[in-house]
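With the hints as your guide, set chain P onto chain H.
There are 2 protein chains.
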Amino acid sequence: MTDPDVRLVDMTLRDGMHAVDHQFTPEQMADVASALDDAEMDVVEMSHGDGMGGSSINYGFAAADTGEYLDAVVPELTDTKLSVLLLPGIGTVEELDLAVDRGADMCRIATHVTEADVSAEHFEFVNERGLEANGLLMLSHMASPETVLEQAKLMEEYGAEAVYVMDSAGAMLPEDVRERVGLLADELSVDVGFHAHNNLGLGIANTLAGIEAGATTVDGCLRGLGAGSGNAQMEVLVGVLEKAGYDVEPDFFGVMDAAEDVLVPMLTEDTMPELDNDSLVLGYAGVYSSFLRHTRRVGERFDLDPREILVELGDIGVVGGQEDMITDVAARMADDEPAAAESESDD
Amino acid sequence: MTDPDVRLVDMTLRDGMHAVDHQFTPEQMADVASALDDAEMDVVEMSHGDGMGGSSINYGFAAADTGEYLDAVVPELTDTKLSVLLLPGIGTVEELDLAVDRGADMCRIATHVTEADVSAEHFEFVNERGLEANGLLMLSHMASPETVLEQAKLMEEYGAEAVYVMDSAGAMLPEDVRERVGLLADELSVDVGFHAHNNLGLGIANTLAGIEAGATTVDGCLRGLGAGSGNAQMEVLVGVLEKAGYDVEPDFFGVMDAAEDVLVPMLTEDTMPELDNDSLVLGYAGVYSSFLRHTRRVGERFDLDPREILVELGDIGVVGGQEDMITDVAARMADDEPAAAESESDD
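Heads up: the protein sequence lines correspond to chains H and P, in order. Quick note: the first sequence, position 110, residue 110 per our numbering, numbers continuous. Here our numbering = 1-based position in the second sequence + 1000.
Just so you know, these hints were derived from the structure itself, not from any lab. Cβ atoms here follow ideal geometry from the backbone N, Cα and C, with glycine treated the same way. Any given hint could turn out to be false.
[To be verified] Quick partial rundown of chain H residues pointing at chain P, CB under 7 Å, derived from the structure:
1) Leu173
2) Leu202
3) Ala205
4) Gln233
5) Ala244
6) Glu249
7) Phe253
8) Met256
9) Val262
10) Leu267
11) Glu269
12) Asn277
[Stated by the list, open to error] If the Cβ cut is set under 7 Å, some of the chain P residues that face chain H in the computed set are:
13) Ala1205
14) Val1236
15) Leu1267
16) Glu1269
Bound-form chain H, shown alone:
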């Protein structure tokens, strides 16, 4: 055991928003927040799935605006801290101001793993306003441990009190987590965090591996809610950490109650995270879910198994915004191996 004190951040009301198309109502948020506060959760994160300012045509409109959500959630939290998420480029300083004024305790600032430099001003603002600032490096599986460290050091320099390795595509094996988190824990003077997705069925195990390697703050969602196959399932995580001998603040049965008595009745079968073939192949390929729909269409056009295209895209290391590369890659694959392509599509 490297550290008996792990801080747990519940993101049911943030990453979980993806699973409900950002349609939690302020009343539902208040109920979940209240149950998590009763269960002595360390931190609750709340915002649009893509962070404050995400409510838009591009990312999907939320059921209410940030101010309404904050006003519903803040009164429910007594000892539990409230975090909001901000992605530079999506969220703005105006929204940060609003969050500070309405009672947020901390702000987590997320960038692509190689683009920490876009976050300097945001950290400065959060620190000026006296909130705890954490930095999140998204899609960390795409960068070497050394690159992740270099970027994490930027966030540390900007004023992050913790820097997270985020496995946004659910593409890491436990050894990948240990390498990256371990290096950061050795080299940073601030806390190291880990954020899992469950595309390879490793959400809980990778979080445990991250903690063993030195992470002292980790993320999860009740019932594993979250985009695609979801995040680490919070009530399971609490049980596993207790069983492994770690000292955690939340009450195990209380978190279980929040999941099954409060959250589950708000969900339909369709919104429950599922480890189906789509999420599995995305995790296997290490490609973000925005590629899935396009790749399926392109696969039909070139008579290729879309899974083969996704694996190839993962090997190349595409990132969000490069969806136009799908056609190029598929055309080359169809051209290179017409026979193989046909037999794949017959599978």
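Structure of chain P alone, referenced to chain H:
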């Protein structure tokens, strides 16, 4: 990597039978077996969930008898081996005879982790008939690594070609798996296997840990089917092992297709394995699922949270057949801590 060659045993048609109340039809079994054979699965296991002879008032009647299932499945398998499960005390030599005559290639003989000695004659019979015999030690989390080894050595002596550590209650952490599998791999001259359940969300990770510790044959089910929260999800396991650099025989996309195109259409939402509070607390307590219903009733009677009783039962180390201890334990708990008991039940 300790061994690049891992044999995969798909138990969708055996442990998965629990999830469908043993109601797969022979035709459904044939379809799943055919898809798994196409995907080059190493071994398919088929029988009542509790093994041959399990079809009864006690364990639930299956939709067809063992002979009908065998006649449906055997013609579908070309390179894939067929395994049947036998629990001494439930299955008999007559059924073993039937399985041998109808084309089974191997028989797996399962006992409680401390009762390997009841299996000597069964191993002798299977070996005499020329089938591969494997031994499975159920609820291995209840015994120390040394005891598991002692029992495994008995099975080795009886003629097992492989001995499995079974985490029947889904109660192990990766370190528990490594300890037990590692010791067996060091000390046995036959192969070591591992069988996971997903109660703590660790089905895939524990199987990976088992392989890293020396297991060369492991179990899984398509879509993670199986009792309660299910087993290791086979298509995910294949992808994870490939990603981790292991050489596995089954075709990743083929196994994915078997899961989503063949198995899933046979299932309802109710039969899909789910990591809910019931399965979580069973894994946390390390208690077999047969205790759940009784404990809930006793909890109501004594005004105790049934979860507290299950954890206590797990600490004591109850095994199947000791369900009468639930009332004793609950009565003592209610007597000892009336105040605590009341506050728990108010949670």
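H/Val262 as an interface hint toward chain P, with CB separation required under 7 Å: Violated. Min distance 12 Å.
Minimum beta-carbon distance criterion (7 Å), H/Ala244 to chain P: At 6 Å from the nearest chain P Cβ, H/Ala244 passes the 7 Å test, so the hint holds.
Cut-off 7 Å, beta-carbon criterion: hint that P/Ala1205 touches chain H: This hint holds: P/Ala1205 lies near chain H, its Cβ roughly 3 Å from the closest one there, short of 7 Å.
Restraint satisfaction for H/Met256 [CB to CB of chain P, less than 7 Å]: holds (5 Å)
Given hint H/Leu202 near chain P, where the shortest CB pair must fall under 7 Å: holds (6 Å)
H/Gln233 as an interface hint toward chain P, with CB separation required under 7 Å: holds (6 Å)
Agreement of hint H/Phe253 with chain P interface, Cβ distance less than 7 Å: With Cβ-Cβ at 6 Å, under 7 Å, it holds.
Interface restraint verdict for H/Leu173 against chain P (beta-carbon cut-off 7 Å): Holds, about 6 Å.
Interface hint compliance - P/Leu1267 to chain H, C-beta minimum distance less than 7 Å: Nearest chain H Cβ about 12 Å off; hint violated.
When the least beta-carbon distance from H/Glu269 to chain P is tested against 7 Å, hint result: For H/Glu269, the interface hint holds, since the closest Cβ of chain P sits about 5 Å away, which is under 7 Å.
Interface restraint verdict for P/Val1236 against chain H (beta-carbon cut-off 7 Å): With a minimum Cβ separation of about 4 Å from chain H (threshold 7 Å), the hint on P/Val1236 holds.
Satisfaction of the H/Ala205 interface hint, Cβ to chain P closer than 7 Å: Result: holds, 3 Å to nearest chain P Cβ.
Checked against the numbered hints above, the structure breaks hints 6, 9, 10 and 15 and satisfies the rest.
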